[in-house]
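Fit chains E, L, G, D and B to the given chain S structure using the hints.
Protein chains in written order, with our numbering: chain S, 241 to 376; chain E, 241 to 376; chain L, 241 to 376; chain G, 241 to 376; chain D, 241 to 376; chain B, 241 to 376.
Since the hints were made in silico from the structure, they are not lab data. All figures in this text were calculated on a predicted structure; none of them were measured in a lab. Keep in mind that a hint or two might mislead.
Put simply, identical chains are the same to the list, so a pair is met inside one copy or across any two.
[As the list claims (entries may be wrong)] Cut-off 25 angstroms, straight-line C-alpha distance, at most; resulting in silico cross-link-like pairs (DMTMM-like, lysine to aspartate or glutamate):
{"id": "1", "residue 1": "375", "residue 2": "291"}
{"id": "2", "residue 1": "342", "residue 2": "255"}
{"id": "3", "residue 1": "375", "residue 2": "262"}
{"id": "4", "residue 1": "287", "residue 2": "255"}
{"id": "5", "residue 1": "371", "residue 2": "261"}
{"id": "6", "residue 1": "257", "residue 2": "306"}
{"id": "7", "residue 1": "292", "residue 2": "258"}
{"id": "8", "residue 1": "342", "residue 2": "270"}
{"id": "9", "residue 1": "375", "residue 2": "261"}
{"id": "10", "residue 1": "292", "residue 2": "336"}
{"id": "11", "residue 1": "337", "residue 2": "255"}
{"id": "12", "residue 1": "257", "residue 2": "369"}
Each chain, written out:
There are 6 protein chains.
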Amino acid sequence: MPTVKLLDDHTASPEAKEVFDDIRSTRNTDYVNNAWRAQANNPAMLKRNWEKAKTIMGDTGEGSLDPITKEMIYLTVSIMNNCEYCIHSHTHFAREKGMTEKQYNEMLDIIGLATEGNRMMTAMHVPVDEKFQVKT
Amino acid sequence: MPTVKLLDDHTASPEAKEVFDDIRSTRNTDYVNNAWRAQANNPAMLKRNWEKAKTIMGDTGEGSLDPITKEMIYLTVSIMNNCEYCIHSHTHFAREKGMTEKQYNEMLDIIGLATEGNRMMTAMHVPVDEKFQVKT
Amino acid sequence: MPTVKLLDDHTASPEAKEVFDDIRSTRNTDYVNNAWRAQANNPAMLKRNWEKAKTIMGDTGEGSLDPITKEMIYLTVSIMNNCEYCIHSHTHFAREKGMTEKQYNEMLDIIGLATEGNRMMTAMHVPVDEKFQVKT
Amino acid sequence: MPTVKLLDDHTASPEAKEVFDDIRSTRNTDYVNNAWRAQANNPAMLKRNWEKAKTIMGDTGEGSLDPITKEMIYLTVSIMNNCEYCIHSHTHFAREKGMTEKQYNEMLDIIGLATEGNRMMTAMHVPVDEKFQVKT
Amino acid sequence: MPTVKLLDDHTASPEAKEVFDDIRSTRNTDYVNNAWRAQANNPAMLKRNWEKAKTIMGDTGEGSLDPITKEMIYLTVSIMNNCEYCIHSHTHFAREKGMTEKQYNEMLDIIGLATEGNRMMTAMHVPVDEKFQVKT
Amino acid sequence: MPTVKLLDDHTASPEAKEVFDDIRSTRNTDYVNNAWRAQANNPAMLKRNWEKAKTIMGDTGEGSLDPITKEMIYLTVSIMNNCEYCIHSHTHFAREKGMTEKQYNEMLDIIGLATEGNRMMTAMHVPVDEKFQVKT
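The shape of chain S in the complex, shown without the other chains:
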C-alpha cells in the first residue's frame, strides 16, 4: 500500500511516459519497475532521478568502478538505510550483473565488521589519529 498511485503508460503524463520509454530502451526490457511508476507522480523528479541513475550506474567503460562494484555500493547504502524496496531490487540487480554468492557474503561480512566498529568508535569518541588527517 504505497502512499501514491503507481502510474502506467495510460495514467502517466506524456513527460513521464517519455522517461518510461527511455528506461525500456536503455535497459532493453519491456518492464518498468515500481520505483519509476511511483516517481511518475512527480515527472520532474522522475526525469531527474532517472537521468542521474543512468549516468552514475551505467557502464561508463572508462576504467573506474565496474558494474558489480557499483551495485554492491548501492546495496550497502540501501542496507544501511533499511530500505526494503532497494534491498530487494539491488540484490536482484547485483546478482543479475554477475555478483557471486561468495562476493555477496564477503560484502555482508564487511558491512557487519564496519557497522560494529563504527559504533565502538562513536561510543568511545575515539579521536582521529593525526596520520589519517588529510593535509590540505
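Relative to the frame of chain S, chains E, L, G, D and B by itself:
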C-alpha cells in the same frame, strides 16, 4: 576527548599487548592506531575485533573482492553511520591501497544517488516488484 | 503483529480510557487509532504523549506554523526514521488538513536533495564556514 | 580537516569555476561556501547538485511551499541525518530568509514529538490502521 | 558553537529560571548543564523535558529498573543516535551512579553484537519466526 | 521473502550443521530460528556470530550484567536500528528471561526520552560541558 584512556604498550594488559604486536607484524608498521588503543580497555573485544578485521579485510587472494573494493564498502558503511573516526581512517586506508580520486568520486556519486533513492522509496512505501523477490 | 495488545474501551484502564475520550472530543471523531491503543498499555506514557501531541500539533492560532507545515515536518521526521506506521498516518493527516499533491512532491524533492547533500558533507567532513556560526 | 581540498577560483577546473560564478550571480553575493568548494573536486557532481538545489530551493513563485518552509524541511532532514555542516548552514539560511525564533522552537518541538513517537511505534510494531492506507 | 545562546540565571526567563532552580534542588548541585541552558530558549520545552526526565530517570524506588540500568539504556540510545553531547554526559552520569568499567565494557559488547546482527537480518530480510510473534 | 534460502539440517553444510547442533544443546531446544538458518549460507559468519552471541549474551555468572538487562540493551539497539526481525525475537527473549511489562514500559519510556533529548542536543549543537569530559 575519548570516554576511555587510549592505552599503549606500557598501560595495556599482556593480552592487549599481544594484539598490538600482531597488528604491527601483520601491517608491517610500528604504528598502532587509536581504534585499537581504545578497545584495549576490553582485551577480549580487542582480540575478537582484530581477528575479525584481519580475516575479513585481509587480502585473501581467492578471487573474491579486491582490497580497494573492500575498503570502499567499509567506507560507505562508515559514511552512512556518520562515524567521524572511521570516515577519516578508511578514506586514508582506501587511498593507501590505491583508490584513485576518480573511484572515490564515483563511490560518492553512488552513495548520493542511492541514499536519495532509498528515501523516496521509503517515503512512498513502494511495494517490491514480484520479479525482485527471491524464490526460495 | 504488534509486541503488545491494542487495547480498547473495555480492556484499557480508567486512566487510559480517559485519554481515549479526550482524543475523541478533541478530534471530533469516534475513532481512536492504533498508536494510542498500543500506548494504552502504559497509561502514563499515553497521557504524556497525547498531551504533548495535542499542544504541539494543535492549531495554536498564534501566527507561528500552520497545520499543514506542522504535518509536513512531522512526516519528514517519520520518513527519516523509516517509521512505517507514522509515514502512513501522517501522510493521511497532512492530506486531510489540506496538503496538496504539489506540496507533497515539493516536500519529497527537498528531502531527496537534503539527504544527498547531508551525506556528501559528512563523507568529505566539510568544515562549517565561519559565517554560518552563531555568535553567542 | 576535510578529506578533500576545498578548491577556489584558482584551483577549480573551468567547469567548476563556471558553477561558482552561477552561485555568485544567483545568490547575489561574492561568497561561495565550503559545500560547493568541496564538491568542486567532482565537477559533474558540483554542477548536478547545484542545479538541483537552485531548482528545488529557489522561490518558484508558484504558490506551493514558501522559502522558510522549504528551509525548515531541509533543516529537519539535516538534524535527522546528524549532519553538522548542514545543521549550521541551513539554520543560518532559514534565519536569513526570515524564520523567527518562535518558528524555530516550534519546529524543534515537532521534531522532538515525532522522533519519540516514531520510536514507540517501531518498538511495538504497531500495525497501520486501515483508514490510513491509500486506496490506489 | 551552538545554534542558540546558552542562557544563564540572568538571561533566562522567569519560567526557565524556575526550572533551573528545580534542577539544582533535585540534583543537589549548583550546576546546571548546557543541555538545559540551551533548551531555556524555549521555556515550555525546557519545563516539559525536565519534568519528563525527572520522572523517568529518577529513582522511583518501585522495584523496576535500577538507576545504572536506566543510564545504560539512555547511553545506548545516545550511541545509536550518534549524539556527541549525550554520549559524554550520560557516560558521565552512568559512572557517577556506579556503573563499573566491566559493566560498561559488557554494554559495549552487546551494542556491537546487536548492531551487527541487526544489519545482517535487515540485509537478508529474514522473516520473523512464528514463535516470536505475540499472540494478541 | 528473504534474499537467501533459509537452510535446514539437510541443506546446510557440515560446518553450519555443527553450529546448529551447538545452538540446540546450548539453548536446550530443538528449534533453530531463522536468524541462524539465513546466516548458514555463510558458514564462517554463522560460526563467528554464534560464538560471539553465546559469549556475550550468555549468563556469565560473574556479577556484571544480568540476562534481562542484557536483553533490554540488545532490544534497545534493535529498536534504534529499526530491525523488525530483531525487535520481535528479542522482545520474545527478554520476556522469556523474565522481563516484566513494567520493566518493558520503563525501557520504552527511557528510549522515548533519550531519543528526543538526543535530537534536541544535535539540532542546537550544544557543546559538551567540561565536567563531562573524561580526563585521560
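Okay, the hints, checked on the actual structure:
In this assembly of identical chains, the alpha carbons of residue 375 and residue 291 never lie at most 25 angstroms apart, being 35 angstroms within a copy and 30 angstroms across copies at closest. Taking identical chains as interchangeable, the C-alpha atoms of residue 342 and residue 255 lie at most 25 angstroms apart only when they sit on different chains, with a minimum of 16 angstroms there against 42 angstroms within one chain. For the identical chains of this complex, residue 375 and residue 262 are neighbours neither inside a copy (44 angstroms) nor across copies (29 angstroms), given an alpha-carbon limit of 25 angstroms. Taking the closest pair of Cα atoms, residue 287 and residue 255 come within 25 angstroms of each other both inside a single copy (8 angstroms) and across two copies (23 angstroms).
Taking identical chains as interchangeable, the C-alpha atoms of residue 371 and residue 261 lie at most 25 angstroms apart only when they sit on different chains, with a minimum of 19 angstroms there against 51 angstroms within one chain. Proximity of residue 257 to residue 306 under the C-alpha cut-off of 25 angstroms is found in neither arrangement, the shortest distances being 30 angstroms within a copy and 30 angstroms between copies. In this homomeric assembly, residue 292 and residue 258 come within 25 angstroms of each other (Cα to Cα) both inside a single copy, at 16 angstroms, and across copies, at 21 angstroms. Proximity of residue 342 to residue 270 under the C-alpha cut-off of 25 angstroms is found in neither arrangement, the shortest distances being 31 angstroms within a copy and 30 angstroms between copies.
Taking the shortest Cα distances, residue 375 and residue 261 never come within 25 angstroms of each other, neither inside one copy (48 angstroms) nor across copies (27 angstroms). In this homomeric assembly, residue 292 and residue 336 come within 25 angstroms of each other (Cα to Cα) only inside a single copy, at 21 angstroms, whereas the closest approach across copies is 30 angstroms. Taking identical chains as interchangeable, the C-alpha atoms of residue 337 and residue 255 are never at most 25 angstroms apart, the minima being 29 angstroms within one chain and 30 angstroms between chains. Proximity of residue 257 and residue 369 under a CA criterion of 25 angstroms is satisfied inter-copy only: 19 angstroms between copies versus 53 angstroms inside one chain copy.
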